[in-house]
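A.B. asks: Quick mapping for you: the protein sequence lines, in order, are chains B, D and X.
Counting the first sequence from 1 gives a position; the numbering used here is that position plus 4.
Counting the second sequence from 1 gives a position; the numbering used here is that position plus 4.
Counting the third sequence from 1 gives a position; the numbering used here is that position plus 4.
Just so you know, the hints here were simulated from the structure itself, not pulled from any lab data.
Remember, predicted model here, so these are calculated numbers, not experimental data.
In this text, a Cβ means the ideal position worked out from N, Cα and C, and glycines have one as well.
Among the clues, some could well be false.
So the derived list for chain B, only partly shown, Cβ under 8 Å to chain D, looks like this [what the hints assert, rightly or not]:
(1) PHE85
(2) ILE143
(3) ALA145
(4) HIS148
(5) LEU149
(6) VAL150
(7) TYR154
(8) ARG187
(9) TYR193
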Amino acid sequence: MSAKTTSNIVVLLFMFLTASSSYIHEGNHEGNGKHYKPCKRLVLFFHNILYNGKNAANATSAIVGAPQWGNLTILTSEFHFGDLVVFDDPITLDNNLHSSPVGRARGQYIYDAKNSSSSWLGFSFVLNSTDYHGSINFIGANPHLVNFRYISVVGGTEDFFMHRGIATIMTDATEDQVYFRLRVDIKFYECW
Amino acid sequence: MSAKTTSNIVVLLFMFLTASSSYIHEGNHEGNGKHYKPCKRLVLFFHNILYNGKNAANATSAIVGAPQWGNLTILTSEFHFGDLVVFDDPITLDNNLHSSPVGRARGQYIYDAKNSSSSWLGFSFVLNSTDYHGSINFIGANPHLVNFRYISVVGGTEDFFMHRGIATIMTDATEDQVYFRLRVDIKFYECW
Amino acid sequence: MSAKTTSNIVVLLFMFLTASSSYIHEGNHEGNGKHYKPCKRLVLFFHNILYNGKNAANATSAIVGAPQWGNLTILTSEFHFGDLVVFDDPITLDNNLHSSPVGRARGQYIYDAKNSSSSWLGFSFVLNSTDYHGSINFIGANPHLVNFRYISVVGGTEDFFMHRGIATIMTDATEDQVYFRLRVDIKFYECW
């Protein structure tokens with residue numbers, strides 16, 4: 005895990021002075037003395053390869069719970085309602101699965117919608133690079149059909165001590181029901 | 005999901021100036037410049053119908069994990085210790101299951117007590133009504149035998165951007181081991 | 005659960021004026037008007053006995069989800085990737101399993117690493133002693149091979165109303181794959 009990277013600009017970090025992105029709904033808030041523009045920002049990718057009974061060596065995740073009509077090697081039909089997946093996904097700075105990882109995304113996702121494509125996320129980023137060392141903890145709803153989904157950054161440790169924020173998740177690629185790649189744009193509004 | 009409602013007072017929202025309710029233990033706090041009276045409040049209901057092997061069409065939740073002595077169509081005996089349930093429950097403004105939903109409650113509950121009736125909750129409200137659009141993220145312990153249980157509101161998005169608070173949960177109805185309805189009184193103390 | 009304890013100094017509580025512990029990495033932070041030294045601190049132990057098919061009476065936890073190659077009475081080989089455990093563990097003031105509990109630690113842990121020993125934690129402390137009444141909610145990554153691991157305290161209720169902080173977890177003892185004891189050093193930085 006977490007090979008030290010040597011690239012010069014390792015993690016994309018911006019001290020945003022203006023809210024310029026069209027999807028930073030959060031940037032519009034004004035108010036009572038707290039930060040409404042991110043005090044720190046990271047854009048990272050993570051890569052999920054689901055175990056399907058034949059890819060044990062490469063898989064980074066596995067179904068570990070399923071409803072009575074499901075099983076552990078293939079997602080249930082249509083919206084996969086009830087499938088619970090544990091993952092240990094490499095985090096990279098770009099969209100290349102084979103780039104040197106800067107950490108691991110670990111936790112669970114649960115397909116939690118009967119009539120649409122959606123999941124509930126509970127996971128952590130464990131970062132270990134030349135630029136960052138520490139964990140970031142997330143929970144939230146992830147409605148897959150919305151281009152940009154928002155989840156909560158509920159805490160962090162070490163370099164992210166006590167941080168809070170919002171992460172914007174975008175599905176950057178998907179292949180069959182085995183591989184997907186998420187782009188995660190983490191905006192911290194409490195940095196300590 | 006989330007039909008636009010047209011009722012005039014859609015979501016109960018109070019800017020509480022006085023802590024009047026007998027069960028607002030939180031309202032008693034005084035202190036260091038933060039809000040000790042809710043800056044926003046929502047009272048909502050959600051409805052859980054557990055899959056029992058025969059009600060696939062109506063069920064809004066399913067057991068997806070169980071201990072070795074359990075199974076996926078019936079809760080384990082007595083306190084159901086170890087049963088893990090995924091849910092996709094309609095949220096309504098009143099206690100009527102058939103009212104037009106204003107969103108979905110999605111996530112998991114886990115029966116987590118060997119010798120009492122209790123669960124651990126990790127879920128989100130995904131609201132989509134004329135009055136609210138956004139998600140609210142919850143975790144916490146839910147000891148069923150206590151009338152009013154407190155869980156943490158650990159974050160929110162869009163209309164609930166970065167919010168934190170406490171939700172008071174009450175079991176409003178229960179029928180056999182298939183249906184229950186919870187009343188959730190969400191008090192935000194950080195509103196941004 | 006939660007016998008009233010009668011010992012005179014029941015819960016170790018320190019208002020730290022100086023950051024003296026060698027592992028209080030968090031104590032080094034300086035900044036913008038928030039607390040960087042704990043406003044409250046608790047040191048507690050909890051005790052996990054995993055169900056193995058033969059210890060139903062004593063077990064405090066059970067595997068309820070496992071990958072396709074696993075089962076519910078024994079952890080999967082090596083790093084146990086994918087095993088999901090529900091627990092209802094006694095919390096004590098010292099490292100003695102048989103001390104009078106001051107509450108329960110309830111929730112889930114998930115072995116979430118393919119090539120190392122690590123878990124993801126989502127749980128609550130439900131405290132009920134002469135000194136404390138209320139719950140504390142945790143999530144975070146728990147890499148077992150690191151001596152001191154940090155997870156997030158994302159909220160609390162009653163005596164811990166709206167609290168946030170960092171918990172430092174240490175494995176205090178482990179026996180086979182059935183028993184382990186964790187020492188949890190909870191430092192609150194937001195106390196309300």
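A.B. asks: Evaluate each hint against the coordinates.
C.D. replies: Now for the hints, and whether the structure bears them out:
| no. | hint | verdict |
| --- | --- | --- |
| 1 | PHE85 | holds, 7 Å |
| 2 | ILE143 | holds, 5 Å |
| 3 | ALA145 | holds, 4 Å |
| 4 | HIS148 | violated, 12 Å |
| 5 | LEU149 | violated, 11 Å |
| 6 | VAL150 | violated, 10 Å |
| 7 | TYR154 | holds, 4 Å |
| 8 | ARG187 | violated, 17 Å |
| 9 | TYR193 | holds, 6 Å |
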